[in-house]
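Chains as they are written, first to last, in our numbering: chain A, 18 to 268; chain B, 123 to 711.
No wet-lab data here; the hints were simulated from the structure. Just so you know, not all the hints are guaranteed correct.
So, partial list: chain A residues that the calculated Cβ filter (under 10 Å) puts toward chain B [stated by the list, open to error]:
| hint | residue |
| --- | --- |
| 1 | Cys79 |
| 2 | Ile174 |
| 3 | Asn187 |
| 4 | Pro208 |
Backbone N, C-alpha and C define an ideal beta-carbon position, used for all residues, glycine too.
The primary structure of each chain is shown beneath.
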Amino acid sequence: MPSIIKVEIKRQASPDSPAVTEKFEVPYRPNMNITSLLGEIALNPTTITGQATTPITYDSNCLEEICGSCAMLINGKARMACSALVDKLRSGDEPITLAPLSKFPIVRDLSVDRSVLFENLKAVKAWVPIDGTYDLGSGPRQIPQIQEQRYPLSNCISCTICMEVCPQFNDSTNFVGAATIAQVKLFNMDPAGAVLKEERLRALAGDGGVQECGFAQNCVEACPKQLPLTEAISDVSRDVIFQGVKDFFTL
Amino acid sequence: MAASPRIIVVGGGLAGLAAVIKIAEAGGTVDLFSIVPVKRSHSVCAQGGINAAKDLKGEGDSVLKHFDDTVYGGDFLANQTPVKNMTAQGPAIIDLLDRMGVPFNRTPEGLLDFRRFGGTLYQRTAFAGATTGQQLLYALDEQVRRYESEGKVTKYEGWEFLSSVLDSKGACRGITAMDLRTMETRTFPAEAIIICTGGNGAIFGKSTNSVVCTGSAQSALYQQGAFYANGEFIQVHPTAIPGEDKLRLMSESARGEGGRVWVPRDRSEKRVAKSIPEADRYYFLEERYPKYGNLVPRDIATREIFKIVYEDNMGIDGQPMVYLDLTHLPKERLHKLEGILEIYEKFVGDDPREVPMKIFPGVHYTMGGLWVDFNQQTNIPGVFAAGEADYSIHGANRLGANSLLSCIYGGFVAGPQAVAYAKALPAQEGDGGHAAELQRQKEKNQSLLSSSGTENPFKIWRELGDTMTKHATIVRYNSGLDEADAKLVELLHRAKNINLSDKSQWANTSFAFARQLYNMLELARVIVQGARLRDESRGAHYKPDFPNRNDEQFLKTTKAAFVDGAPSITYEDVDTSHIKPRPRVYSSS
Chain A
18 MPSIIKVEIK
28 RQASPDSPAV
38 TEKFEVPYRP
48 NMNITSLLGE
58 IALNPTTITG
68 QATTPITYDS
78 NCLEEICGSC
88 AMLINGKARM
98 ACSALVDKLR
108 SGDEPITLAP
118 LSKFPIVRDL
128 SVDRSVLFEN
138 LKAVKAWVPI
148 DGTYDLGSGP
158 RQIPQIQEQR
168 YPLSNCISCT
178 ICMEVCPQFN
188 DSTNFVGAAT
198 IAQVKLFNMD
208 PAGAVLKEER
218 LRALAGDGGV
228 QECGFAQNCV
238 EACPKQLPLT
248 EAISDVSRDV
258 IFQGVKDFFT
268 L
Chain B
123 MAASPRIIVV
133 GGGLAGLAAV
143 IKIAEAGGTV
153 DLFSIVPVKR
163 SHSVCAQGGI
173 NAAKDLKGEG
183 DSVLKHFDDT
193 VYGGDFLANQ
203 TPVKNMTAQG
213 PAIIDLLDRM
223 GVPFNRTPEG
233 LLDFRRFGGT
243 LYQRTAFAGA
253 TTGQQLLYAL
263 DEQVRRYESE
273 GKVTKYEGWE
283 FLSSVLDSKG
293 ACRGITAMDL
303 RTMETRTFPA
313 EAIIICTGGN
323 GAIFGKSTNS
333 VVCTGSAQSA
343 LYQQGAFYAN
353 GEFIQVHPTA
363 IPGEDKLRLM
373 SESARGEGGR
383 VWVPRDRSEK
393 RVAKSIPEAD
403 RYYFLEERYP
413 KYGNLVPRDI
423 ATREIFKIVY
433 EDNMGIDGQP
443 MVYLDLTHLP
453 KERLHKLEGI
463 LEIYEKFVGD
473 DPREVPMKIF
483 PGVHYTMGGL
493 WVDFNQQTNI
503 PGVFAAGEAD
513 YSIHGANRLG
523 ANSLLSCIYG
533 GFVAGPQAVA
543 YAKALPAQEG
553 DGGHAAELQR
563 QKEKNQSLLS
573 SSGTENPFKI
583 WRELGDTMTK
593 HATIVRYNSG
603 LDEADAKLVE
613 LLHRAKNINL
623 SDKSQWANTS
633 FAFARQLYNM
643 LELARVIVQG
653 ARLRDESRGA
663 HYKPDFPNRN
673 DEQFLKTTKA
683 AFVDGAPSIT
693 YEDVDTSHIK
703 PRPRVYSSS
């Protein structure tokens with residue numbers, strides 16, 4: 018294994034600055050991941066040509082693929098930087114390439130603004146509207162099979178990779194993306210959360226709603242937490258249609 | 123004062139969100155500050171579960187037993203009244219989380235399932251797979267999003283707290299914070315603030331903590347006059363995956379579900395783990411602690427692993443690692459641990475269902491933190507604290523699955539207390555100190571940006587981490603602690619001589635880091651000096667030269683004040699009004 022790792026990073030100093038690519042050589046150590054590689058550059062921010070530069074700006078926090086911060090394009094593929102191991106990324110003498118997610122506004126370098134997802138979660142009321150936090154006794158009984166269905170959906174880390182890889186997630190469709198739809202299924206399945214079921218389905222019925230999905234299935238393949246996204250989309254899609262029919266005759 | 127007081131909560135993990143929910147519910151208005159989007163806070167990393175004595179397993183568990191286990195597990199250093207209150211509220215808090223939709227694991231009858239954790243003989247830990255912290259954080263995040271959409275909460279995500287604003291009488295009137303994109307520093311008014319900024323693992327370089335867990339906010343307040351208590355009590359978790367950039371936690375739930383810790387009896391063992399027969403394996407925790415076995419409290423398990431490796435020289439292949447073995451567990455038990463098994467698989471490359479994991483202790487949690495009274499208020503009027511950022515509840519050692527409970531409990535107390543305080547607060551005189559504090563912070567920024575020294579902040583951080591890990595973790599010697607403090611003084615000096623390679627004023631992460639670094643160094647001195655002066659062994663604080671607990675001298679809370687630029691340490695009696703301190707012995711069968 019060569020003792021130097023070559024990296025090419027697409028950088029942008031601010032939203033309005035031009036994008037440039039900087040090349041680095043970083044000393045190899047076993048078990049390195051992309052976030053530790055970026056940390057190594059911060060210790061000695063010098064490009065391959067010996068030019069002094071600045072540490073790379075990127076989002077990260079937990080470094081164990083549970084906080085959802087460090088999504089970026091690594092060798093062209095949208096994935097989490099912390100769980101991207103250098104040993105598995107290198108092929109021959111080819112450099113590792115890093116770039117920001119392409120469908121979100123750039124903040125700087127590899128950091129992008131993904132707040133659209135949190136706004137979407139507001140729009141579909143992704144919560145259980147509890148009566149209050151005072152002691153109202155235990156929650157409803159749920160057989161384990163319900164938990165088995167809800168838990169995988171509740172593992173969504175809001176990394177937005179499903180949105181990045183979706184051909185329908187773009188400015189012209191306003192599609193909310195798979196993550197939000199999966200949360201609708203999650204909360205509609207909750208015995209108390211279901212009280213808002215109709216409102217959630219109506220929120221997904223209009224422009225940018227669930228019908229924008231083109232069934233490319235990229236989301237379910239790219240999701241780092243293996244959420245059953247396509248199943249959620251088809252379930253919610255069916256519910257949205259039923260709700261539409263029902264509303265047509267009653268409203 | 124205003125009928126609807128304005129409260130600032132700093133930190134959006136479990137404690138912060140719990141406080142926000144209580145304030146919004148009571149009709150207050152909250153500004154919530156967080157470095158990261160709150161859904162990405164470090165609480166998300168908690169794995170194993172949350173304790174509450176619901177006694178759904180017919181074992182005769184009770185709130186009082188939970189109370190006693192917590193106080194005993196903490197080696198009697200915790201003030202008992204808040205622990206008693208927390209354990210009493212445990213069952214109601216679990217019910218509330220259940221009602222919020224947390225996908226807790228269930229029994230066939232549809233009730234909450236519970237597992238056993240360290241330092242207890244009861245199945246008292248409710249859990250959602252092995253990602254309980256994530257599920258709890260999301261549940262509270264969703265409730266806060268609901269209040270946000272109703273206009274009761276304003277989030278300032280991507281803002282970093284720099285300091286509190288104090289008026290001429292020393293009462294808090296707001297905060298200064300920095301926008302991590304525009305790098306703008308400004309002040310925000312509030313009648314009370316609640317600090318829920320978590321742990322300080324970054325002081326040790328590599329730990330199980332997230333990147334944001336620097337302790338910077340706590341340190342800034344300590345430097346402004348808040349007491350920092352029991353700083354020397356740092357929990358080193360027995361089972362973490364040694365890593366290049368961090369130590370990844372391998373939850374205690376692995377042992378709660380039946381995982382066993384062992385090393386080969388023969389130091390020169392060459393066979394692969396799975397082919398080593400039972401008779402040739404040394405299950406050292408089970409042999410040394412027949413009653414609690416692999417579920418002794420964390421400080422004890424950590425010291426035993428440390429001794430096996432460094433005193434008995436029995437680490438795997440001579441390396442600082444021991445086996446944590448789950449390969450014998452039935453499928454349904456492994457299924458409850460999926461989240462952590464995936465982490466091991468992804469970051470190590472081996473399948474822990476087939477191959478015993480290799481683990482070693484890692485810095486995990488600070489029992490110490492900002493000193494607070496029983497209403498979660500610090501000694502600075504109007505500054506409250508909750509969660510890992512405060513020192514209450516866990517004493518000298520925290521029991522597994524008590525942290526999630528203490529975060530929510532602390533937030534639930536701090537929120538209403540802050541509202542009550544704010545309602546009684548007289549109007550401020552003049553500008554309440556805002557202009558002066560803003561000026562002080564801007565000068566700090568300017569001096570950092572214009573500094574033309576030679577030091578790289580990331581290199582200083584690495585030296586800080588190496589020093590602290592070497593001298594102030596599992597085993598401590600006074601000579602080493604003296605050496606560490608001298609090093610910290612040197613690093614503080616060098617930190618004033620930084621040359622930032624990035625002087626831009628847009629999303630400048632190294633600038634923000636350099637400010638955190640300085641605060642980390644000041645707080646590291648509190649940890650080191652607290653440890654240096656405590657000549658006894660208690661919970662996580664272990665000195666081979668003083669191997670016993672010394673209640674006569676040290677059944678006391680350590681209180682550090684920032685005086686003339688250095689820690690000044692005094693002691694305060696511990697509230698032992700409910701349970702008489704007794705020897706802490708887990709080895710009897």
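(message) Could you work out which of the previously given hints the structure breaks and list their numbers from low to high?
(response) 3
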